[in-house]
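Q: All chains should be built: construct the whole structure from the sequences, respecting the hints.
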Amino acid sequence: MNQLSFQEKSLWVCLIAEITIYSLYYLNVLPPVNGNMESPHIIQYFKYMGLLVTFIVIGQVAIAIKYKEDTVDERQRLIEMKADRISSYILHIGIFAAIVVAMTVPGNFWFIHTINGVAIFAEVLNQIQQLRAFRRGF
Amino acid sequence: MGNSNKINNHIRTLRFHCGEMTQQQLADMVGVTRQTINAIEHNKYSPSLEVAFKIAVAFDKPITEVFTYEAL
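In order, the protein sequences belong to chains A and B. Per my numbering, the very first residue in the first sequence carries number 1; after that it's consecutive. Per my numbering, the very first residue in the second sequence carries number 1001; after that it's consecutive.
Errors might be hidden in some of the hints.
Computed, partial: chain A to chain B, Cβ under 8 Å [to be verified]: (1) SER5; (2) ASP73; (3) GLU74; (4) ARG75; (5) PHE134.
It is worth saying that the hints were derived from the structure and are not from the lab. Remember, predicted model here, so these are calculated numbers, not experimental data. Where a beta carbon is used, it is the ideal one built from N, C-alpha and C, also for glycine.
A: Now the structure itself:
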């Protein structure tokens, strides 16, 4: 663990939190009862968002307390920029997919969850890409 | 900026000659993370000109004695 930079530890916390919390969320809301987001779904959504933010904040604070924060240097910024560029492509494709869903699928459930799913996928891919670059070199 | 670059360096040797200076000590002098020094040392990352000069200054050597470029 000490071999990892502060940035890598932080990425691992976010990645684990996002995969765990979103998996639990989707297990709870899928399959949809009808085509729309009903009140229980909306409550579930904000409940899991709150859980995600809490998990990440606690994780980041714990890392910051246990390990001294490193400098953010040029290599880390370049790795982040490269990962951001790749995930922005995914996001653009996802927005197009959500538009297609909005035009073809009745109700708002799948439209909302297409956008949400793509945003999660882009973020997770961004973090994996960064972790890979930190390990394999950039 | 990948593993296929032709920029090599003598950082490991220079650290040895500076009383086994650690990667962390060099990183602190240069203002980058230890992981970045490790990546540069293993030719996994080519630093910016500014960082390259800072490394050379840390060893009190001209940049050409720290980094070499293999021309085709």
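Q: So, for every hint listed, does it hold in this structure?
A: We went through each hint and held it up to the structure:
no.	hint	in the structure
1	SER5	5 Å, holds
2	ASP73	4 Å, holds
3	GLU74	6 Å, holds
4	ARG75	5 Å, holds
5	PHE134	7 Å, holds
When each numbered hint is compared with the structure, no violation occurs for any of them.
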